[in-house]
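Chemist: The lines below spell out each chain.
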Amino acid sequence: MENAAASKSQKVNMIQALNMALHEAMEKDKNVIVFGEDVADPEEGGIVGVTKGLSTKYGELRVRSTPISEQAIVGAAIGAGIVGMRPVAEIMLMNFTTVAMDMIVNHAAKLRFMSGGQTHVPITIRTATGSGLGVGGQHADYYEAWFAHVPGLKVVMPSSPAEAYGLLLSCIEDDDPCIFVENTLLYFAPGTPPVPGTRIPLGKANVIREGNDVTLICYGPHVAPSLAVADALSQENISVEVIDLRTIAPWDKATVLASVAKTRRAVITHEAVKPFGVGAEISSVIHEELFSQLKAPVQRVGAPYSPVPYSKPLETAFMPGIETIKAAVLKTINR
Amino acid sequence: MGLAHTPDRATLLDIYRKMTLIKQNDEKSRAIILSGKIPMVYYSPRGQEVIPSAISVNLKATDNICTIYRGTHDMLAKGVPLKDLWAELAGKSTGTCKGKGGPMHITHPASGVLVTTGIVGSSLPIANGVALASQIRGDGGVAVAYFGDGASNIGAFHEALNMAAVWKLPVIFVCQNNLYGEHTKYEKTTAAKRVADRADSYQIPGVRVDGNDPLAMYDAAKTAIDRARAGDGPTLIEAMTFRFYGHVFGDADRYMDDGEKKAAMANDPVPRFRQWLIDNGHSSDADLSAMETAVGKEIDEAIEAAIAAPFPDVAELRKDVFAEEIPA
Numbered sequence: 001m002e003n004a005a006a007s008k009s010q011k012v013n014m015i016q017a018l019n020m021a022l023h024e025a026m027e028k029d030k031n032v033i034v035f036g037e038d039v040a041d042p043e044e045g046g047i048v049g050v051t052k053g054l055s056t057k058y059g060e061l062r063v064r065s066t067p068i069s070e071q072a073i074v075g076a077a078i079g080a081g082i083v084g085m086r087p088v089a090e091i092m093l094m095n096f097t098t099v100a101m102d103m104i105v106n107h108a109a110k111l112r113f114m115s116g117g118q119t120h121v122p123i124t125i126r127t128a129t130g131s132g133l134g135v136g137g138q139h140a141d142y143y144e145a146w147f148a149h150v151p152g153l154k155v156v157m158p159s160s161p162a163e164a165y166g167l168l169l170s171c172i173e174d175d176d177p178c179i180f181v182e183n184t185l186l187y188f189a190p191g192t193p194p195v196p197g198t199r200i201p202l203g204k205a206n207v208i209r210e211g212n213d214v215t216l217i218c219y220g221p222h223v224a225p226s227l228a229v230a231d232a233l234s235q236e237n238i239s240v241e242v243i244d245l246r247t248i249a250p251w252d253k254a255t256v257l258a259s260v261a262k263t264r265r266a267v268i269t270h271e272a273v274k275p276f277g278v279g280a281e282i283s284s285v286i287h288e289e290l291f292s293q294l295k296a297p298v299q300r301v302g303a304p305y306s307p308v309p310y311s312k313p314l315e316t317a318f319m320p321g322i323e324t325i326k327a328a329v330l331k332t333i334n335r
Numbered sequence: 001m002g003l004a005h006t007p008d009r010a011t012l013l014d015i016y017r018k019m020t021l022i023k024q025n026d027e028k029s030r031a032i033i034l035s036g037k038i039p040m041v042y043y044s045p046r047g048q049e050v051i052p053s054a055i056s057v058n059l060k061a062t063d064n065i066c067t068i069y070r071g072t073h074d075m076l077a078k079g080v081p082l083k084d085l086w087a088e089l090a091g092k093s094t095g096t097c098k099g100k101g102g103p104m105h106i107t108h109p110a111s112g113v114l115v116t117t118g119i120v121g122s123s124l125p126i127a128n129g130v131a132l133a134s135q136i137r138g139d140g141g142v143a144v145a146y147f148g149d150g151a152s153n154i155g156a157f158h159e160a161l162n163m164a165a166v167w168k169l170p171v172i173f174v175c176q177n178n179l180y181g182e183h184t185k186y187e188k189t190t191a192a193k194r195v196a197d198r199a200d201s202y203q204i205p206g207v208r209v210d211g212n213d214p215l216a217m218y219d220a221a222k223t224a225i226d227r228a229r230a231g232d233g234p235t236l237i238e239a240m241t242f243r244f245y246g247h248v249f250g251d252a253d254r255y256m257d258d259g260e261k262k263a264a265m266a267n268d269p270v271p272r273f274r275q276w277l278i279d280n281g282h283s284s285d286a287d288l289s290a291m292e293t294a295v296g297k298e299i300d301e302a303i304e305a306a307i308a309a310p311f312p313d314v315a316e317l318r319k320d321v322f323a324e325e326i327p328a
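Chains A and B, in that order, are what the protein sequence lines are.
My numbering numbers the first residue of the first sequence as 1 and each following residue consecutively.
My numbering numbers the first residue of the second sequence as 1 and each following residue consecutively.
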């Protein structure tokens, strides 16, 4: 637990926080195993070092670098999970989950149901994505809505190092398959260190900032810009309540609806493309449940309907940021 | 014949008992579908009885298999109780999976049937994971992945063989080559003359065996299972066989060569082995008939119980999606 020894005042980034969580999970439960491309120490403990030190400390039986075979990686996690292990499988980037979709969608998600509860798949699939690093169309997509649409999968997205630590441990200890989505830009952003041993429950949203005029629902990389928008609008006497969803599926309807019942306005923002995104589902439920109480139609923010582009100006235009979120909030109050 | 391992008398009779169970279960399945009493999608394993029967006698109760939609023979050979199986086929709450899985997803961990998949090729990567757990725990367990010849052309097959070879996993890959992938003949879809040859690419043993010959099948299975248990890694077995009733029950199987089918049926492995047991003094016609009658009765009872059993409550839709029940 070398990272846990860091003093409280010392900031850590998400890579370090995730590393702490994995060390803690492996230390605590010998059924926790970790595998994925390049995750062992001879291969540098992952492409950004999230799994650093694990193979050295816990051995090559429990921590393995794999072939570049995503179906085999997820399949191995499923099989080991069914017989009682708690595998943490890394699919390096979210786009690469597409070649393991059969394993994730047809098997991990459904085996508990199809077996009538005789088997279950307590696996965590860690994966990373996000635009802003100039990697173009196949290394930066957000597919959380795809996974959220499959009954049986939990989809989790952390917004800070401490959130990443507490949510990852909850995923590993959860008895259902979890897709844990890390953001490539947030990896390097420093934050308050996690308190060792803490867990953040799955399926519970976090009201980060209370407000009365508009509810701003966000997750992952959109939490920081949402807070910035709330700060900016407070200068204009607009009080924004910010909710970090934390878990996309199953999402915390109760917290979101209670908030919107209070503010009577809502905006949902995410980096994934807007059409058919998570925002569409949440907006629909808000309308279904609270239509007569709303002061304005719910607004959605998401990337435009385009593959992630390469050229910097295009990429910048593609990524919804503070200005887009702010405009959507203002639209709900007719400004 | 130069076989390294020969089953003793009790094992021979055990193999035959499994074979007659599979054969009779298939006959009764087709009859019950036609009667309209239990409508179900059904992929007949008739003609492939020997393979899982000769393999399962080499497995422990704690060893696990991952099989596929054409898998009733694999399940019965591994010991899934008939009553639980039939109730599941009928979609009843007393089924293995509470009626939530059905014919293509029979699961019964108590007898080592961990996964039945409806997706071609998907039994292999999951069996690897089961074997991986045994390797890490050092519990001596082995896993068997069953699949058809068609599966050897899907990516998962190659990914799984490579990973199993690199990690020396205690897994046995059993390709039941019945010469057709769905409606299309093997030669038309598969570049390798023999599926077994594909093992060469992964530097693991690849064995082609007559999957309708119980002695040859037993020998190949025992060699592969012993090897896996000893920690020497995976084996690919290509068991040659033939399915008598097409891809899915009810298809017209016009894509199959009539002469080929007739020849296979004339060479039916079940009566052939029965006669061999008698000719070689392992049993008598009377004793085998008594065994067959008892097995048939057991199946009839299971079918009757399945028909009488209740359907699941619709509240089951909210259960087993996650560990926690979905709120109504």
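Just so you know, the hints here were simulated from the structure itself, not pulled from any lab data.
It is possible that some hints are incorrect.
What the hints assert, rightly or not - Which chain B residues stay away from chain A? Per the calculated CB distances, all over 10 Å, these:
no.	residue
1	Leu13
2	Val248
3	Asp251
4	Asp320
What the hints assert, rightly or not - Calculated lysine-lysine pairs in the DSBU-like style (CA-CA distance at most 30 Å, straight line):
no.	chain 1	residue 1	chain 2	residue 2
5	B	Lys188	B	Lys37
6	A	Lys57	B	Lys262
7	B	Lys60	B	Lys28
8	A	Lys204	B	Lys262
9	B	Lys188	B	Lys83
10	B	Lys188	A	Lys30
11	A	Lys52	B	Lys83
12	A	Lys253	B	Lys28
13	A	Lys312	A	Lys295
14	B	Lys297	B	Lys83
15	B	Lys297	A	Lys28
16	B	Lys60	A	Lys30
17	A	Lys253	A	Lys274
We treat Cβ as the ideally placed atom computed from N, Cα and C, and that holds for glycine.
Chemist: Decide, hint by hint, whether the structure agrees.
Modeler: Against the structure, the hints:
1. Leu13: Given that every Cβ of chain A is farther than 10 Å from that of Leu13 of chain B, nearest at about 31 Å, it holds.
2. Val248: The claim holds: Val248 of chain B sits with its nearest Cβ about 19 Å from chain A, beyond 10 Å.
3. Asp251: 23 Å, holds
4. Asp320: 4 Å, violated
5. B:Lys188 x B:Lys37: 38 Å, violated
6. A:Lys57 x B:Lys262: Given that 30 Å is the threshold and the Cα spacing comes to 62 Å, the pair is violated.
7. B:Lys60 x B:Lys28: At roughly 28 Å apart (the allowed maximum being 30 Å), Lys28 of chain B and Lys60 of chain B satisfy the hint.
8. A:Lys204 x B:Lys262: 63 Å, violated
9. B:Lys188 x B:Lys83: 40 Å, violated
10. B:Lys188 x A:Lys30: 48 Å, violated
11. A:Lys52 x B:Lys83: 51 Å, violated
12. A:Lys253 x B:Lys28: 50 Å, violated
13. A:Lys312 x A:Lys295: Violated - the C-alpha atoms of Lys295 of chain A and Lys312 of chain A are around 38 Å apart, more than 30 Å.
14. B:Lys297 x B:Lys83: 12 Å, holds
15. B:Lys297 x A:Lys28: 52 Å, violated
16. B:Lys60 x A:Lys30: 25 Å, holds
17. A:Lys253 x A:Lys274: The hint holds at about 20 Å.
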